[in-house]
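Here the structure of chain G is known, so what remains is to put chain U in place on it, guided by the hints.
Protein chains: 2
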Amino acid sequence: MKAEILTIGDEILIGQITNTNSVWIAQELNLMGIRIVHMASVADDEEAIVKAFDDALTRADFVFITGGLGPTKDDITKKTFSKYFGAELIMDEDVLKHVSSFFIKRGKEVTEINRNQALIPKGGTVIHNKNGTAPGMWMKKNKTIFISMPGVPYEMKIMMRDIILPKIKSENNLPHIYHKTVLTNGIGESALSELIESWEDNLVTKNIKLAYLPQPGMVRLRLSTSGENKDLLKKNIDEEIEKLKAIIDTYIFGYENYGEETPSLASIVSQLLRENKQTLALAESCTGGYVSSLFTGIAGASDIFKGAIVPYTNKAKHELLQVDESVFTTVGAVSKECVEQLAQNIREKFDSDFALSISGIAGPTGGTAEKPVGTVWIAVASKEKTLAFKFIFGDIRQVNILMSANFALNILRKFILKSI
Amino acid sequence: MKAEILTIGDEILIGQITNTNSVWIAQELNLMGIRIVHMASVADDEEAIVKAFDDALTRADFVFITGGLGPTKDDITKKTFSKYFGAELIMDEDVLKHVSSFFIKRGKEVTEINRNQALIPKGGTVIHNKNGTAPGMWMKKNKTIFISMPGVPYEMKIMMRDIILPKIKSENNLPHIYHKTVLTNGIGESALSELIESWEDNLVTKNIKLAYLPQPGMVRLRLSTSGENKDLLKKNIDEEIEKLKAIIDTYIFGYENYGEETPSLASIVSQLLRENKQTLALAESCTGGYVSSLFTGIAGASDIFKGAIVPYTNKAKHELLQVDESVFTTVGAVSKECVEQLAQNIREKFDSDFALSISGIAGPTGGTAEKPVGTVWIAVASKEKTLAFKFIFGDIRQVNILMSANFALNILRKFILKSI
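First to last, the sequence lines map onto chains G and U. The opening residue of the first sequence carries number 17 in this note's numbering; numbering runs sequentially from there. The opening residue of the second sequence carries number 17 in this note's numbering; numbering runs sequentially from there.
Okay, chain G solo, but in the shape it has when bound (with noise of 0.2 angstroms):
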């Protein structure tokens, strides 16, 4: 099966936005096993539109398409998806109530462009998109297949996660691909990839393939394979794990199983202090809130989450933390005594059964010869013990911030463990 992805818009041709949806779209194909052989982006442009439909057909079997269904006069995709498949745009009762209720929820009138969005060119399946107006349209031309999609990316996944994949599942018969994903934190791309060497050379003979998959503070290691034998593909790549484990155990923190999507470092903590019924609360000085964030925005945050102090002047770490005030006269905020007194404090403030703080340059100035930008200190503290980590990243705040975040997380993993 091959694919092609079309973006509308002109916000996308002067470069105003990047096409993140293309490429989550790409790995959701890959991932079943669908070839995608074009990308294109158009403008807002009924010509321009045609030609890509036209060269689509001749190529695809699957056409997804994002943007344009806006009920502004610039969107133009849903008035030349009628014309192109020759089908007049009518009313959808079911859309119309449901566009009606969304406005109605948020206490707004029902304008008539409101309602024009339940329009669709007749013949059309629609695909409900349930966290907005602009409704999906999944239409036939000779052998292919167009999926018409709002550019919203979280309209635009729902949509394509709950109807459009497992619709395209169930009614085509996929070849069989599996994927692990095996999550380090702790060391870079280069250094890995000379420890993991030998077992990366063997890979080719059970035909699994390795993609080195880096961010700040973390490198995804992708392992696929694709063929007949469903159980095969998952026992040939469970094992070369396991040997993988064997040499690298001490930086993996997690796995990306098939057809999942990444957990985060903050879910993987998270879990981890469910299970054990167990909660947490943070003092963050460099990171500023950042990390408390993270875990604020996984749902049901507060069974393990009390809270975080954000104490960015010493003066609050001071009055609200307690640091005692020569640790800034002597070795300054960021060090081993102000992140331990931060942590015991924070714990004892939020009576959490752990705690975390980090304290930081994060750049770009700010830095000097016996602490340069990306110096951060990191620690964790239980009632019983309490655990202090100096690391240096680098110059851009930014990723000292992402890097100091990731970093502060598997810490706070391995402690909970008892790892460390």
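Since the list can't tell identical chains apart, any single copy or any two copies may satisfy a pair.
No more than 25 angstroms apart at the CA atoms, straight line, and that leaves these computed lysine-lysine pairs for DSS-like: (1) 365 / 331; (2) 121 / 406; (3) 261 / 124; (4) 138 / 95; (5) 124 / 352; (6) 387 / 121; (7) 67 / 157; (8) 67 / 18; (9) 159 / 67.
Please keep in mind that the hints were generated in silico from the structure rather than gathered at the bench. Predicted, not measured: the structure shown is a model, and the values here were computed from it.
Chain U in isolation, oriented as in the chain G frame:
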């Protein structure tokens, strides 16, 4: 002048990397007044590349091609280039010298594969790649210029900035282009479009295009135009923005100027505080540290940001921020009373000029008939005044957090400006 951007490489099509090269090239060309009419990504496959070249020939004056120039077997762009233009590959002595010195400098042997990087289609203009070994190429077919560059971003960008863009500028009489984007909060895309309908209809008379760019908690309105007289373009857009301001002033929180990045609400508020030498503290419940992380993500945050507390439990709201216990037993934590007390008390605790507090039901569970998921209370406080506002957003946790943050930041902005 019209351009097309073509990316060659399997890694884009399987979703392994996000296509940031195309975004960057689009931005640069757009700034010069060159319109991008098409973007595409194809595999390392001769047939697909030739089809893309043929299509581009009919549409574009310039085709910017990245990728597929590496020395390994999977990279076939150069071979395809040579075939497409009927030009044999010949060794370029200057490039060979550069490639050789590149490896010698790094203490490496110059292999046959490396030497082949200096092969160039006859008649093509070499574009020097000072950061790598794969040279760029500039070829013409009919009236279309094809420019092939390596996919490595920092190699490609330097070639564009130093050589390609100046060459295009000097050889062509380009039209002027002008954009300005109006940033709004507090009104949805469709309500906004109705409010400004007659203004929008009139834009065509001044050759101005309008685009709606919605994201959670904000709609950006981009006005763009092109023509001969640079000053007139700017004047036309500025005049229309003045007229727009008369209609929707209350929703406008900022502008994105031509060639600059979109300023975030947090950066706009930070700038206001910096100018006024004022400071801020936050009490975040449902946003859980997210707003704090937006402020602390900006370099120099400590000038204006004193800190935050994330009191994720009622106990923490009471013990750390002195919210009356009676609040929880009567109106609950998601209430006017709670956010007012949070804002007042966090301001006192950090001794800041302003404070912002947020308490809501982020979801997906925890809603009631009276307070559905998405109900959020936001308060702002100064020494003299406290104001609270209630919103009902939607069902999705992550979107509710984003919406809460953007609405809260805009309320704070207006509060600092004394416009509420």
